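Same order as they appear, the protein sequences are chains A and B. So for the first sequence, the numbering used here puts the first residue at 73; every next one is plus one. So for the second sequence, the numbering used here puts the first residue at 236; every next one is plus one.
None of the hints are false.
With the Cβ distance kept under 10 Å, some of the chain A side facing chain B (calculated, not the full set): (1) 120; (2) 123; (3) 124; (4) 144.
No lab work stands behind these hints: they were computed from the structure. All figures in this text were calculated on a predicted structure; none of them were measured in a lab. Note that the Cβ used here is the ideal one computed from N, Cα and C, for glycine as well.
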Amino acid sequence: MEVAAARLIGAGLAMVGTIGAGVGIGLLVNGAVQGIARNPDASGDVQTNMILGIAFTEAVAIYCLVVALLILFVG
Amino acid sequence: METPSRKWRYGVNRWIILGLVILNIVAVSYYSPVLPHIQLPAENVSETPLFGNFYLTNTLVATLIADVILILIAIAVRRAVRSGELIPRGIPGAIEAILELINNLTESTAGKWAKSIFPFFATITLLVLVVNWMELIPGVDSIGRLEHSEHGYPIEQVMPGVYTIVPTSGESAGEAHEGGYGLIPYLRVASTDLNFTVGLALIAVLMTQVMGVRSLGATYFTKFINVGGIFSRPAFGLLDFFVGILELISEFSKLLSFSFRLFGNIFAGSVLLFVIGTLIPVFVQSMFLGLEFFVGLIQAVVFGMLTMVFMAQATQGHGEHHEDEGAEGAHA
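Chain A on its own, in the form it takes in the complex:
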């Protein structure tokens, strides 16, 4: 198999890992929305912590993307 073909396949496979981030963010927002529904006065605090948690979770998806881009464009 040529290197160029292997690169394309590798980049596609590397992005499969973003499923985990999708599930994680969905769970996070689920908990945050339920928290706001129970206690609307705390919505500022809950929202801040939710954004923080989303940034951490999304970072894992970004690692997958970085690996895919490295496979495609570097070397």
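Could you slot chain B onto chain A? The hints should help.
Frame of chain A; chain B shown alone:
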């Protein structure tokens, strides 16, 4: 007395947008956009180095321009503060709102070290914000100098001294003939350069350790090398030692995660803008510009907020976690 309220109507803006879309379609039929050569390291702005072996890269130029913008904003804010008016208007008012938000966040998390931690949070957030939003300005990443490359395209002269890239008819990107020209932009978003993000991450992690030492003294390092309990409580002492080693490893992973989170988000965003702009040249890229607006904002705030949270954790040490949880709960 009721002032007669005007019914809101669409007005003239929709005609302006329609006019711009038609202009876009006309322009695309003459010169359709081509996919630029995407590479990870930043490109050199000029062929000749400045001095010795040091080339000026386009991300360095963008960082310097962001610095100038921040200094101008600081001068404007200082003038508004000096004038003595209690409620500033315009840009100083917006900066006051942003800084008040950041200050409240810092005080609710950090407690008495908020005064030392706030400058880092605010500086990192404002710098990364200005740098990320430079991606939205037309001309960044698209105006530059041409040079020979093997992924080149033929060029055509539009005005004396100004050239534009013309894709040969009916061919896919990157397959062009040798001797064509490729574009090297004069400005490139600084967060897409690993030097910028790793540098900021190094500063954040290093100052976290400095904050820890400032607040706890040299006993801060027993967080990492925790040999106190090995002889007094054998089993748990050994476990504490391994937890300390794990903390050390997690400091290095913070370095990696800071730099790659910012880099990955913004680099992926700019690659997305390039590809979408090439595939559908009319209007669709504007929607992704809106997405990039929010991504840039959130990544700037998250970088700063995580720095602040890690510094606050470093000043708190081991056994005081639980009392501070109670204080924070009573706070809100």
